[in-house]
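**Q** First to last, the sequence lines map onto chains A and B.
Okay, so the first sequence: first residue is 1 according to the working numbering, each after it adds one.
Okay, so the second sequence: first residue is 1 according to the working numbering, each after it adds one.
Since the hints were made in silico from the structure, they are not lab data.
Because the structure is a prediction, the values reported are computed rather than measured.
Careful, some of the hints might be misleading.
[To be verified] Ranges of calculated distance between the beta carbons of each label pair, as one might list FRET restraints:
no.: 1; chain 1: B; residue 1: K57; chain 2: A; residue 2: F52; range: 25 to 31 Å
no.: 2; chain 1: B; residue 1: S82; chain 2: A; residue 2: K17; range: 23 to 29 Å
no.: 3; chain 1: A; residue 1: P29; chain 2: B; residue 2: V12; range: 38 to 44 Å
no.: 4; chain 1: B; residue 1: E72; chain 2: A; residue 2: T70; range: 21 to 27 Å
no.: 5; chain 1: B; residue 1: T83; chain 2: A; residue 2: L14; range: 38 to 44 Å
no.: 6; chain 1: B; residue 1: E72; chain 2: A; residue 2: G16; range: 39 to 45 Å
no.: 7; chain 1: A; residue 1: A79; chain 2: B; residue 2: M54; range: 43 to 49 Å
no.: 8; chain 1: A; residue 1: G60; chain 2: B; residue 2: T83; range: 37 to 43 Å
no.: 9; chain 1: B; residue 1: R44; chain 2: A; residue 2: H76; range: 26 to 32 Å
no.: 10; chain 1: A; residue 1: I12; chain 2: B; residue 2: G16; range: 38 to 44 Å
no.: 11; chain 1: B; residue 1: S8; chain 2: A; residue 2: Q72; range: 36 to 42 Å
no.: 12; chain 1: B; residue 1: M88; chain 2: A; residue 2: F52; range: 17 to 23 Å
no.: 13; chain 1: A; residue 1: I12; chain 2: B; residue 2: R44; range: 24 to 30 Å
no.: 14; chain 1: A; residue 1: A79; chain 2: B; residue 2: E79; range: 46 to 52 Å
No residue lacks a Cβ here, since even glycine has one placed at the ideal position from N, Cα and C.
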Amino acid sequence: KNQVEQSPQSLIILEGKNCTLQCNYTVSPFSNLRWYKQDTGRGPVSLTIMTFSENTKSNGRYTATLDADTKQSSLHITASQLSDSASYICVVSDGNKLVFGAGTILRVKS
Amino acid sequence: DVKVTQSSRYLVKRTGEKVFLECVQDMDHENMFWYRQDPGLGLRLIYFSYDVKMKEKGDIPEGYSVSREKKERFSLILESASTNQTSMYLCASSSHLAQGQGGYEQYFGPGTRLTVT
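Starting from the given sequences, assemble the full structure and let the hints guide the process.
**A** Take a look at the structure:
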């Protein structure tokens with residue numbers, strides 16, 4: 001069964017600290033992997049899309065990594081800000097269909 | 001900038017009512033999608049459409065129907081709302097370059113939080 005598992009479910013960090021969110025998937029075949037940020041009460045907004053050949057992709061303070069062999073991805077947030085407080089959703093595509101993870105809720109506190 | 005708008009941010013309806021959720025996108029996208037989002041679960045696809053008057057069932061179509069009469073507008077209809085349809089509903093759109101969900105970037109609306117009492 002195609003699944004996307006994210007960990008941790010929730011996380012609290014202090015402003016200025018770094019953090020890493022994890023995503024493991026069993027989706028096959030693999031087409032691409034996306035990370036979305038969803039602010040409370042808003043729709044998800046894309047941070048990165050990675051294909052099979054990409055190991056690392058950055059978007060400002062966000063860096064996503066992909067290991068297609070172990071079917072794992074991570075999202076690293078550097079020097080966190082209060083505005084990073086949101087749910088982060090990992091989404092894997094098999095080329096035809098998207099499989100969504102349940103998300104990691106990040107809270108950054110001052 | 002792509003803009004996807006949804007007709008209501010919050011909606012409260014009674015059991016048995018017919019409910020219409022409207023979605024409009026301004027990027028001339030062929031593909032449009034309706035999802036529901038519940039705590040602890042990933043987004044689940046209800047229906048999608050890759051062209052005017054075309055529709056395809058997603059993973060959880062039961063209790064829902066859709067209408068796509070114009071390219072920019074995709075409506076989700078709850079024929080007889082039930083309490084288990086209380087949820088956040090998200091609309092999304094994407095380019096036609098790949099049919100179905102998987103090909104290209106999806107742009108989401110702000111969501112409609114529906115409560116059925």
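**Q** Does the Cβ distance between E72/B and G16/A fall inside 39 to 45 Å?
**A** 43 Å Cβ-Cβ, so the 39 to 45 Å window holds.
**Q** Within 38 to 44 Å or not, the Cβ separation of T83/B and L14/A?
**A** holds (40 Å)
**Q** Could you tell me whether the CB distance from S8/B to Q72/A stays inside 36 to 42 Å?
**A** Roughly 39 Å apart at Cβ, these two residues keep to the hinted range, so it holds.
**Q** Measuring from beta carbon to beta carbon, are K57/B and F52/A in 25 to 31 Å?
**A** holds (29 Å)
**Q** Measuring from beta carbon to beta carbon, are P29/A and V12/B in 38 to 44 Å?
**A** Hint holds: Cβ distance 43 Å, inside 38 to 44 Å.
**Q** So does R44/B sit 26 to 32 Å from H76/A, Cβ to Cβ?
**A** Holds: the Cβ-Cβ distance is about 28 Å, inside 26 to 32 Å.
**Q** Cβ-Cβ distance between M88/B and F52/A: within 17 to 23 Å?
**A** The hint (17 to 23 Å, Cβ to Cβ) is violated, given that M88/B and F52/A are roughly 32 Å apart.
**Q** Take the C-beta atom of I12/A and the C-beta atom of R44/B, compute their distance, and say whether it sits inside 24 to 30 Å.
**A** Given about 28 Å between the Cβ atoms, the range holds.
**Q** Cβ-Cβ distance between A79/A and M54/B: within 43 to 49 Å?
**A** holds (46 Å)
**Q** Within 38 to 44 Å: is that where the Cβ-Cβ distance between I12/A and G16/B falls?
**A** Taking Cβ atoms as reference, I12/A and G16/B lie about 42 Å apart, which means the hint holds.
**Q** Is 21 to 27 Å right for how far apart the beta carbons of E72/B and T70/A are?
**A** About 42 Å separates the Cβ atoms of E72/B and T70/A, which means 21 to 27 Å is violated.
**Q** How does the Cβ-Cβ distance of G60/A and T83/B compare with 37 to 43 Å: does it lie in that range?
**A** With Cβ atoms ~42 Å apart, the hint holds.
The structure does not agree with the numbered hints 2, 4 and 12 stated previously, though it agrees with the rest.
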